[in-house]
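S.K.: The chain contents come next:
2 protein chains.
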Amino acid sequence: MELFFLGTGSGVPSKNRNVSSLVLRLLEERGTTWVFDCGEATQHQILHTSVRPRRIEKIFLTHLHGDHLYGLPGLLSSRSFQGGESPVTVYGPKGVKEYVDISLKVSGTRLKYPLYIKEIEEGLLFEDEQFQVESIALDHGMESYGFLINEKDKLGELQPDKLTEQGITPGPIYQQIKKQPVTRLDDGRVIYRDDVVGPPKRGRKLAILGDTRYIPSLKQKLEGVDVLVHEATFASKEEQMAYDYFHSTVYQAASLAREADAGTLILNHFSSRYQDQDLSILEKDAKAIFPNTILAYDYYQHYIPFHL
Amino acid sequence: MELFFLGTGSGVPSKNRNVSSLVLRLLEERGTTWVFDCGEATQHQILHTSVRPRRIEKIFLTHLHGDHLYGLPGLLSSRSFQGGESPVTVYGPKGVKEYVDISLKVSGTRLKYPLYIKEIEEGLLFEDEQFQVESIALDHGMESYGFLINEKDKLGELQPDKLTEQGITPGPIYQQIKKQPVTRLDDGRVIYRDDVVGPPKRGRKLAILGDTRYIPSLKQKLEGVDVLVHEATFASKEEQMAYDYFHSTVYQAASLAREADAGTLILNHFSSRYQDQDLSILEKDAKAIFPNTILAYDYYQHYIPFHL
Ligand SMILES: [Zn+2]
Ligand SMILES: [Zn+2]
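Chains as they are written, first to last, in the numbering used here: chain A, 38 to 345; chain B, 38 to 345.
To be clear, the hints were calculated from the coordinates, so they are not data collected in a lab. Take the hints with a grain of salt, since some may be wrong.
Identical chains share a label here; the pair holds if one copy fits it or two copies do between them.
Lysine to any residue pairs mimicking SDA-like chemistry, simulated, CA-CA at most 20 Å apart [to be verified]: (1) LYS142 x ILE154; (2) LYS142 x PHE283; (3) LYS52 x TYR336; (4) LYS149 x ASP281; (5) LYS134 x LEU152.
Based on the sequences and whatever the hints tell you, model everything.
M.R.: Laid out in structure tokens, this is it:
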């Protein structure tokens, strides 16, 4: 599980930072990739990486500002051109379906894979045996969401010593015992799985937020996330400007991470007014409040290990 | 007057060639820039050039395939963000208005300059005292056009010897004589401008074509253009493939340039199947038929001098 930042600027592209997009690589977990936001030239950024468009399974859009959206038709089209065949689901605020439909229609594009577009509200978006994705409403002047990605806890490892203790020697029976809650052996004995596996592996929790003003009450929903990806369009002292433009400051993002007791805070969506020197000040500001802060840059990769 | 190629690939972007866009710089002529086609990341390509989005006056779209279109909303938005205030007119096939309107609407974009969108058919698109732009219908499976840009002939230079011959000494009267067809001097004499200026300067003529199959009858309309920009998606031997996909081969493009007696042929829109080695073969092929052929590459600039 790895976050791969493709665009970490805001508003308009610059030479160093493209507009918003990041990828959650779930290659080990499910052989697929999820995309979060899709600013113009996301497919161009991908060209310079090992990300494979055909692996894309889901695309989540936090909101429909152009710098988060305008790369979507091109990415969808190129994925088809390059032979992508598996279905893709797009989750985004109301309006995304009309935008994609018209873009594909006027350009005469026929995708060679099934495309599902789900217009979202706050709540549960997706759940299977591995993951649960929930959207959280933000405050950005237009509909904007954060996404809470909950990996489900995984069964603990089978403990061979506990099995041999009971005289069960290694063999295909081990797999069977792991697969089902209760196993009846040939000799009539009943083995409860819970008795022979170690503690469950706690699933990882990520929050990837869209553009937003600071919302103090978010801390409850984000409580204990391993990674929080948060915009930091403005420097800490620009609180009024952040408020006026429906954005957050570095100070606000770091405060939220501290209040939510997050593991790591990754900041992105920096205003192009900030150059490299300025960013190192922003970084110091953030770390004063929340030490485990990282400022993302284009092509920054962040590996998220299992919980031990 | 200069052509500046921003994207010379076809279909999908590659590391070396972006999808279609080129710019006609008319800085000396009218202080503005015209854009022809606007594939995704055209604004990103522009970032690496001295092209200024605020100078853009007109955007012509040959057709609405995504590789010629998907960069338009981003370019229009960024031009506004960067302070562009002068009006922009977009000329393109039916559908472009709906696409731009929806893209700006769902993204909540309000441009700070007037935007006019003209859905075109074959015929005269624009005319002023300097230029005339005409569209020509092509054959691409969807509505596709070429643009014929005719610079109007310019008045010849005032010939001082012819004026002094008549006893008219240099002064503000020279400007007056140049400005109007007939000037009455204080002493009652009448000076006809045609008698005292040199031969008119012949205007330049360019043709920038969209994607198309080979159309033999185009040669009449393109007769004598100084520069012909033509797609060459496929190698000469791929005539059947070009036909099937509504594109042209190098051989066909070069033949048209020869038949139309063009000055220079510039090829673009190469299929990504062709690597650098292949392209030098394509170049040889083209030059065998039309020696003054240039293969465009991203950021290639082609200066078009005045006629002597
Ligand atoms: Zn936004
Ligand atoms: Zn085309």
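S.K.: If any of the earlier hints don't hold here, list their numbers in rising order.
M.R.: none
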